[in-house]
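**Student:** The residues making up each chain are set out below.
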Amino acid sequence: MIDHKRVNYSKLGFFRFKKLGEDYLLTNDVGDYIFLSQKDFNGYIEGKLEKKSPQYEELKRKNFIREELNLDQYVKGYKQKNQFLFSTGPSLHIIVVTLRCDHKCVYCQASSCSVGDKNKDLSEENARKIVDYIFSVPNNNIAIEFQGGEPLLNWPVVKFIIEYALKKNKKEKKNLEFRLVSNFISMDEEKMNYLFEKAVVFCTSLDGPEELHNQNRIYIKGNSYQITIKWLKKLLKKYKNYYIYQPGALTTVTRRSLPIYKQIIDQYVGLGLDNIVLRPLTPLGMAIKTWQQIGYSTSQFLEFYKRSLDYILELNLKKGLRFREMITTNMATKILTDKDPNYFELRSPCGAGIGQMLYNYNGDIYTCDEGRMVDEEIFRIGNVLTDNYNSIINNQTIKTMCLASCLDNLPCDNCVYKPYCGTCPVVSYVESGNIFPQLPNNSRCQLNKGIFDYIFKKIQKSDKIKKIFTEWATSRYQFNKKLC
Amino acid sequence: MKFQINSPKNQITFFLDSKLYPIEAIYGAAYVFIDRAYIFLDGDPQKEIIICLKGKKKMNFKELEGLQGEFYNELLNYLLRVKIAKRNKKVRDFIVGTALVSGSNIFDSSPDGSDNDYLDDPLGIAVPWEDKYKENTAKKKKQDETSV
Numbered sequence: 001m002i003d004h005k006r007v008n009y010s011k012l013g014f015f016r017f018k019k020l021g022e023d024y025l026l027t028n029d030v031g032d033y034i035f036l037s038q039k040d041f042n043g044y045i046e047g048k049l050e051k052k053s054p055q056y057e058e059l060k061r062k063n064f065i066r067e068e069l070n071l072d073q074y075v076k077g078y079k080q081k082n083q084f085l086f087s088t089g090p091s092l093h094i095i096v097v098t099l100r101c102d103h104k105c106v107y108c109q110a111s112s113c114s115v116g117d118k119n120k121d122l123s124e125e126n127a128r129k130i131v132d133y134i135f136s137v138p139n140n141n142i143a144i145e146f147q148g149g150e151p152l153l154n155w156p157v158v159k160f161i162i163e164y165a166l167k168k169n170k171k172e173k174k175n176l177e178f179r180l181v182s183n184f185i186s187m188d189e190e191k192m193n194y195l196f197e198k199a200v201v202f203c204t205s206l207d208g209p210e211e212l213h214n215q216n217r218i219y220i221k222g223n224s225y226q227i228t229i230k231w232l233k234k235l236l237k238k239y240k241n242y243y244i245y246q247p248g249a250l251t252t253v254t255r256r257s258l259p260i261y262k263q264i265i266d267q268y269v270g271l272g273l274d275n276i277v278l279r280p281l282t283p284l285g286m287a288i289k290t291w292q293q294i295g296y297s298t299s300q301f302l303e304f305y306k307r308s309l310d311y312i313l314e315l316n317l318k319k320g321l322r323f324r325e326m327i328t329t330n331m332a333t334k335i336l337t338d339k340d341p342n343y344f345e346l347r348s349p350c351g352a353g354i355g356q357m358l359y360n361y362n363g364d365i366y367t368c369d370e371g372r373m374v375d376e377e378i379f380r381i382g383n384v385l386t387d388n389y390n391s392i393i394n395n396q397t398i399k400t401m402c403l404a405s406c407l408d409n410l411p412c413d414n415c416v417y418k419p420y421c422g423t424c425p426v427v428s429y430v431e432s433g434n435i436f437p438q439l440p441n442n443s444r445c446q447l448n449k450g451i452f453d454y455i456f457k458k459i460q461k462s463d464k465i466k467k468i469f470t471e472w473a474t475s476r477y478q479f480n481k482k483l484c
Numbered sequence: 485m486k487f488q489i490n491s492p493k494n495q496i497t498f499f500l501d502s503k504l505y506p507i508e509a510i511y512g513a514a515y516v517f518i519d520r521a522y523i524f525l526d527g528d529p530q531k532e533i534i535i536c537l538k539g540k541k542k543m544n545f546k547e548l549e550g551l552q553g554e555f556y557n558e559l560l561n562y563l564l565r566v567k568i569a570k571r572n573k574k575v576r577d578f579i580v581g582t583a584l585v586s587g588s589n590i591f592d593s594s595p596d597g598s599d600n601d602y603l604d605d606p607l608g609i610a611v612p613w614e615d616k617y618k619e620n621t622a623k624k625k626k627q628d629e630t631s632v
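Chains as they are written, first to last, in this note's numbering: chain A, 1 to 484; chain B, 485 to 632.
One or more of the hints may lead you astray.
What the hints assert, rightly or not - In silico DSBU-like links for lysine-lysine, alpha-carbon gap of 30 Å or less:
no., chain 1, residue 1, chain 2, residue 2
1, A, K19, B, K503
2, B, K567, A, K76
3, A, K60, B, K574
4, A, K11, B, K503
5, A, K449, A, K11
6, A, K19, A, K5
7, A, K39, B, K503
8, A, K5, B, K574
9, B, K567, A, K52
10, A, K48, B, K574
11, A, K19, B, K541
12, A, K5, B, K503
13, B, K573, A, K39
14, A, K39, A, K19
15, B, K574, A, K18
16, A, K60, A, K461
17, A, K48, A, K60
18, B, K574, A, K339
19, B, K540, A, K289
20, B, K573, A, K399
21, A, K306, A, K339
22, A, K76, A, K60
23, A, K18, B, K546
24, A, K449, B, K540
25, B, K574, A, K289
If you are wondering where the hints come from, they were derived from the structure by calculation, not from laboratory data. Small disclaimer: the values here were computed from a predicted structure and weren't measured.
Starting from the given sequences, assemble the full structure and let the hints guide the process.
**Tutor:** Put into structure tokens, the structure is as follows:
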């Protein structure tokens with residue numbers, strides 16, 4: 001209990017706090033943190049901590065003591081932690097080359113249509129305009145991500161975009177990177193070799209063991225699981241020793257996944273993957289309709305996450321495996337390093353429009369990947385056929401998205417996890433009809449808080465686990481360069 | 485502490501002295517409860533604020549009383565938060581302002597190729613007059629003394 005009559009405000013630098021277990025967790029604007037016992041917390045806020053005590057030393061070093069504030073260090077820390085604010089326009093450009101898909105996934109968020117509906121393909125002419133538009137963005141870093149539907153179903157246009165972008169880049173000399181999100185059904189040797197030559201980064205969906213994967217990812221003409229595994233293995237073998245960025249996979253967690261977390265993780269480890277993303281379901285697209293069958297509460301997901309993380313940590317600690325969970329890794333990077341992973345959903349403001357843009361098959365531009373998944377057109381910000389970058393970036397929707405996801409404007413500003421967190425206006429809109437999140441009813445808020453609580457408890461309890469998290473966090477700053 | 489519990493309506497009403505608790509702290513504390521209760525605020529911001537918490541799920545007398553206790557605890561936390569934020573507002577504005585102004589060249593070198601930091605002072609503009617001319621003044625004083 002805080003005795004306000006005894007608080008010595010003149011000694012206190014700015015901090016946020018919450019009681020976590022028996023101790024208080026304090027954080028500041030640059031993401032530094034400290035745990036204090038009740039006694040030390042009282043000593044700190046009353047200005048009575050012994051100056052020679054290790055707690056005072058740490059508080060001083062981390063700029064929690066007002067009179068000992070190192071302004072230069074603080075300013076540099078703030079810039080470093082918010083470096084995404086200084087980027088010159090979006091760097092991630094997602095192109096939906098077709099809405100056609102050969103799968104009927106139970107949680108599909110992408111409004112996919114049947115394979116025969118070729119009206120939903122991006123034309124070469126529009127693709128050229130999209131690439132021209134992307135190169136008009138002043139950011140020197142460009143990642144073009146192919147999505148769908150299933151992008152390989154419109155292979156000629158995928159190839160065209162790669163060739164055209166590479167040609168343009170001979171003059172522009174930007175840091176250009178390609179990514180492909182595919183289910184591999186339409187993959188063949190020729191395509192694989194071409195994409196390998198162009199250093200395309202692969203990502204696929206692998207939901208777990210065969211039965212679970214095929215229940216979630218329905219492919220009528222064959223066995224989705226076996227095709228995914230076949231190509232994932234081939235790609236892993238091919239990319240190994242050539243590229244730092246290895247092909248990756250995402251698991252979308254459905255209700256059926258919850259009890260079999262060990263099998264899911266074991267499968268990823270067995271394939272030689274070095275990470276897993278335990279991605280919760282998002283209530284968008286098809287997932288809204290199927291939620292009764294495949295959905296779960298936030299607390300159920302958190303229970304799944306905790307068990308999974310414990311198991312992964314056990315594999316790291318007892319078996320010496322170097323295998324990491326990526327949501328944890330992104331959060332740990334924010335907590336334990338002076339860097340920011342620029343993960344769009346965990347930054348303030350979020351990446352909508354200023355970090356990423358999405359181009360639909362018809363040239364429509366959306367603020368982000370999630371923005372196109374909403375039935376209404378409220379997150380559409382223009383079209384490459386009629387708008388230029390200057391008009392798009394000054395669009396009111398982008399400004400509003402920034403405002404709605406800037407945590408300083410929200411009650412989040414009081415939360416101890418504010419320096420590490422973010423909010424998604426699209427998810428808030430879908431959940432409550434308002435892009436400004438209504439905390440603490442917001443599911444993302446509950447989820448992030450639950451995960452942060454667990455990570456901090458782990459860090460607090462064990463230096464070994466803190467070391468593992470630090471390793472996960474610091475090994476991510478690599479680039480997709482050829483090793484040989 | 486005055487409070488009224490209305491069990492059939494599943495709600496508790498209590499009263500806060502506005503001189504003890506700033507309205508920002510009351511708003512902050514109230515916000516924490518919106519997942520568990522409907523919040524009704526009333527009264528006079530200059531004198532007394534009336535808080536009414538109506539449980540979203542059915543609560544018994546003890547649970548409603550507990551809700552009030554939790555509210556008071558949260559209020560104390562928010563009181564600290566509000567005061568710390570107010571006290572540190574200027575220095576935080578300065579930090580963010582300096583970071584943003586100097587941030588555009590955070591990872592770039594200056595046009596002449598050097599890696600000058602925004603805190604660097606190659607022309608000595610930030611050096612106080614007294615420090616800058618201390619040596620010269622001392623020398624001159626010595627010379628004057630010798631000549632005399």
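**Student:** Now tell me, hint by hint, if it's right for this structure.
**Tutor:** The hints, checked one at a time:
{"no.": "1", "hint": "A:K19 x B:K503", "verdict": "holds, 27 Å"}
{"no.": "2", "hint": "B:K567 x A:K76", "verdict": "holds, 26 Å"}
{"no.": "3", "hint": "A:K60 x B:K574", "verdict": "holds, 19 Å"}
{"no.": "4", "hint": "A:K11 x B:K503", "verdict": "holds, 24 Å"}
{"no.": "5", "hint": "A:K449 x A:K11", "verdict": "holds, 29 Å"}
{"no.": "6", "hint": "A:K19 x A:K5", "verdict": "holds, 20 Å"}
{"no.": "7", "hint": "A:K39 x B:K503", "verdict": "holds, 29 Å"}
{"no.": "8", "hint": "A:K5 x B:K574", "verdict": "holds, 24 Å"}
{"no.": "9", "hint": "B:K567 x A:K52", "verdict": "holds, 27 Å"}
{"no.": "10", "hint": "A:K48 x B:K574", "verdict": "holds, 24 Å"}
{"no.": "11", "hint": "A:K19 x B:K541", "verdict": "holds, 26 Å"}
{"no.": "12", "hint": "A:K5 x B:K503", "verdict": "holds, 14 Å"}
{"no.": "13", "hint": "B:K573 x A:K39", "verdict": "holds, 27 Å"}
{"no.": "14", "hint": "A:K39 x A:K19", "verdict": "holds, 13 Å"}
{"no.": "15", "hint": "B:K574 x A:K18", "verdict": "holds, 24 Å"}
{"no.": "16", "hint": "A:K60 x A:K461", "verdict": "holds, 23 Å"}
{"no.": "17", "hint": "A:K48 x A:K60", "verdict": "holds, 14 Å"}
{"no.": "18", "hint": "B:K574 x A:K339", "verdict": "holds, 26 Å"}
{"no.": "19", "hint": "B:K540 x A:K289", "verdict": "holds, 26 Å"}
{"no.": "20", "hint": "B:K573 x A:K399", "verdict": "holds, 25 Å"}
{"no.": "21", "hint": "A:K306 x A:K339", "verdict": "holds, 25 Å"}
{"no.": "22", "hint": "A:K76 x A:K60", "verdict": "holds, 17 Å"}
{"no.": "23", "hint": "A:K18 x B:K546", "verdict": "holds, 25 Å"}
{"no.": "24", "hint": "A:K449 x B:K540", "verdict": "holds, 22 Å"}
{"no.": "25", "hint": "B:K574 x A:K289", "verdict": "violated, 50 Å"}
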